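Peer 1: Chains A and B supply the protein sequences, listed in that same order. In terms of my numbering, the first sequence is residues 90 to 496. In terms of my numbering, the second sequence is residues 15 to 225.
Everything labelled a hint here was simulated from the structure, so no lab data went into it. Treat the hints with care, since some could be wrong.
Stated by the list, open to error - No more than 30 angstroms apart at the CA atoms, straight line, and that leaves these computed lysine-lysine pairs for DSS-like:
(1) Lys413(A) - Lys167(B)
(2) Lys178(B) - Lys129(B)
(3) Lys406(A) - Lys183(B)
(4) Lys406(A) - Lys167(B)
(5) Lys181(A) - Lys133(A)
(6) Lys431(A) - Lys480(A)
(7) Lys184(B) - Lys460(A)
(8) Lys413(A) - Lys184(B)
(9) Lys312(A) - Lys394(A)
(10) Lys133(A) - Lys476(A)
(11) Lys306(A) - Lys258(A)
(12) Lys183(B) - Lys480(A)
(13) Lys136(A) - Lys179(B)
(14) Lys334(A) - Lys469(A)
(15) Lys460(A) - Lys179(B)
(16) Lys183(B) - Lys181(A)
(17) Lys167(B) - Lys151(A)
(18) Lys151(A) - Lys187(A)
(19) Lys246(A) - Lys269(A)
Claimed, not checked - To give a feel for the contact side, a few chain A residues facing chain B, derived at Cβ under 7 angstroms:
(20) Leu131
(21) Gly135
(22) Pro227
(23) Tyr287
(24) Lys406
(25) Leu408
(26) Thr440
Predicted model, so just to flag it, every value in this text is computed and none were measured. We put the CB at the ideal spot given by N, CA and C, even for glycine.
Below, each chain spelled out in residue letters.
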Amino acid sequence: MLATSKKYLSVVYFITITLFIIGCGGIQKDKNKPANYSLYVLAKDGKNYLMQDATLDSGVLKPEAEGISLDTLRMGRSLIIRNHSYYYLNSKTSQFTKYNVSGGTLKILASLSLRNFTIENYNWLQGDTLLLTGLNLPGYNQPEFVMVSTTDMKVIKRGNLALPAPSGKFVTMSIGFTEKRPNSLLIGYTYHASQGIYNFGTSDTLYVSELQYPAMKLTSTAKDNRSTYPGGQNTVQSCTFLDEKGDYYFISCPGIALGNRPELPSGIFRIKKGETAPDRNYFFNISASSIHNHVYGMWWLGADKVIVRTERRDLFKGLNDHYKTAHFEYHVLNLQTKAIQKLNLPLDKGTRKQCVIVQGNTVYIAISSAKDGNYIWNYKVSDHTLKRGLKLTDDTDFILRIDTLGK
Amino acid sequence: MSVNKELLERYHLDACSVEECREIEEWLFNNEANDFKLSDGTDKNRLKAEMWNDIQSVFPENNKVVKTRSSIYYMWKGAIAASLFFALTGTLAYLAIPQSAAIVNLNNNSAAQVKQVNSAGYTVSVAPNTRASINNEMHVIDLNGSILISAEKDVELLLQGTGKKVNFKKGQTYIILKNRDGADEMIMVNKENLLDLPPVMQRQINTHFDI
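Please construct the entire structure, taking both the sequences and the accompanying hints into account.
Peer 2: Following this line, the structure appears as structure tokens:
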């Protein structure tokens, strides 16, 4: 009798140990897999979580359990990510910090002081040099640039950009893109008038200036009143690209949550290689197309194709619910034929998100929907097919970023 | 000669001799004097009892036994009386004076300074030129201006003039902008979603509230 129960106990003991090893082994295995992707999530508990994963094709991630809580670390989502490092400027503390994720925690690698500056755009130059363009604090009325060596986290140079300062009723400006050419910079921007805390006005014109590089002296300024609010903050969302021919494309978004001139059209502009002003013969007018709405983001698929993220004016009430009502759609556009193909995805929420990764024929799209949960969708460009990939559990409120961790 | 009863009587009647008076006086004022001696050897205690009986016969007939109260009784009596007094005063005051505790006044008449209010479970930064108040009893918030607000508990308030309810989750911070009445005339954003407002508006909010 005793011998039998002893036998049972040993079996139970053996099974428990085995399960324990398998369980722990599983976690160990995942930690050893290379992290290829980064995900930044705002959860329903109000906290921001950072996660990394080897794949976006499958699996389940639970932010509150598996994510690194960013609540106390004050790292927002306007990030620059490259080669497994995250760069973030906290304008309040004036610290520009380089982080990485190691052993499941966020680690500060280095930090430098960058006072009275806010980033509008970034560009990677040769080596590991980062060119930041932005505005002064607290005035937001003097364009500036900062060149940073990211290997030793030191400021190489800082100075003013010789763009025309805001004047008259215009008190501030938005710098929408900075395109680096061998000997010059092309900078797109517009001006704003303040209307107290509740509202603001925007010029009906967009501007593109050429500056000598590295002297930063103004050589020309072009005006275009076909639309306004060119580009956007590329630390938050992509809205420009340079194609294989050397032509530069950017969106304009006068929608209520960006340029706030909703009566003006949204569209895609082009600056041809070697030219310094928007092409007068090219304007893909999204508002006038079958989409008939403002475009908030654009990602290049290669050749003449892009994916755009557009709002649905009939589904939200105003600025109060623009970011939390699920109303965003995705479309594949052919920039030359102007063909439009809608992607059959659930309506997405969140005004601006870095939510698309293009890897050859595969496009990952992060959707935070109202009724269909939070998934990374996998789109195949060649055959226009979609399927669900990695799932994020229901404690997720918004997937704010998906990024690759490589160069 | 020792002092005795007859001697004391003659002393009180002023009928004693000089020598006798002197002895009595000596006895009266001398603490070390011997105890009073009874001349005929009568039992002192029996005499004491006889004297007491004489005295007692003079007392009133109805000498009821009065219970003595303890000090604790008197303490509680006083405490209860005081409590009733304060309760009565408090109730009268409560009824007579407007109920200010239920209403949180957030008005900021300054043209440039942000006003901080920490009251009734709310932490609020009130922007310049803002009129606002929270009625905790009616669960209503009245606002003309802008505030940054955080509540200690989950709470739902009706935003006056919009017909809409605003929900505060415990411990989270919200920005509410409203300068007009109307169903769609308000912007309320969780501080975590600030980046989803137009960048130009974010800058104004950051500058205003020093976020």
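Peer 1: Now, for every hint given, state plainly whether the structure supports it.
Peer 2: Quick rundown of the hints versus the structure:
1. Lys413(A) - Lys167(B): Measuring from Cα to Cα gives roughly 23 angstroms; hence the hint holds.
2. Lys178(B) - Lys129(B): Since the Cα atoms of Lys178(B) and Lys129(B) sit roughly 25 angstroms apart, the hinted pair holds (cutoff 30 angstroms).
3. Lys406(A) - Lys183(B): Distance ~23 angstroms between Lys406(A) and Lys183(B) Cα, so the pair holds.
4. Lys406(A) - Lys167(B): 29 angstroms, holds
5. Lys181(A) - Lys133(A): At roughly 25 angstroms apart (the allowed maximum being 30 angstroms), Lys133(A) and Lys181(A) satisfy the hint.
6. Lys431(A) - Lys480(A): 23 angstroms, holds
7. Lys184(B) - Lys460(A): This hinted pair holds, its Cα atoms lying about 25 angstroms apart.
8. Lys413(A) - Lys184(B): 19 angstroms, holds
9. Lys312(A) - Lys394(A): Between Lys312(A) and Lys394(A) the Cα gap is close to 27 angstroms, so the pair holds against 30 angstroms.
10. Lys133(A) - Lys476(A): Within the cut-off at roughly 25 angstroms; holds.
11. Lys306(A) - Lys258(A): Given pair Lys306(A), Lys258(A) holds - Cα atoms ~25 angstroms apart, limit 30 angstroms.
12. Lys183(B) - Lys480(A): Roughly 26 angstroms separates the two Cα atoms, so the pair holds.
13. Lys136(A) - Lys179(B): OK: Lys136(A) and Lys179(B) at ~23 angstroms, within 30 angstroms.
14. Lys334(A) - Lys469(A): 24 angstroms, holds
15. Lys460(A) - Lys179(B): 23 angstroms, holds
16. Lys183(B) - Lys181(A): Holds: Lys183(B) and Lys181(A) sit about 25 angstroms apart, inside 30 angstroms.
17. Lys167(B) - Lys151(A): Judged against 30 angstroms, a Cα distance of about 26 angstroms means the pair holds.
18. Lys151(A) - Lys187(A): 26 angstroms, holds
19. Lys246(A) - Lys269(A): 16 angstroms, holds
20. Leu131: Holds - the Cβ of Leu131(A) comes within 7 angstroms of chain B, reaching about 6 angstroms at its closest.
21. Gly135: Holds: closest Cβ of chain B sits about 5 angstroms from Gly135(A), inside 7 angstroms.
22. Pro227: Holds - the Cβ of Pro227(A) comes within 7 angstroms of chain B, reaching about 6 angstroms at its closest.
23. Tyr287: For Tyr287(A), the interface hint holds, since the closest Cβ of chain B sits about 5 angstroms away, which is under 7 angstroms.
24. Lys406: Nearest chain B Cβ about 5 angstroms off; hint holds.
25. Leu408: 5 angstroms, holds
26. Thr440: Where the cut-off is 7 angstroms and the nearest Cβ of chain B is about 4 angstroms from Thr440(A), the hint holds.
In this structure, every one of the numbered hints holds.
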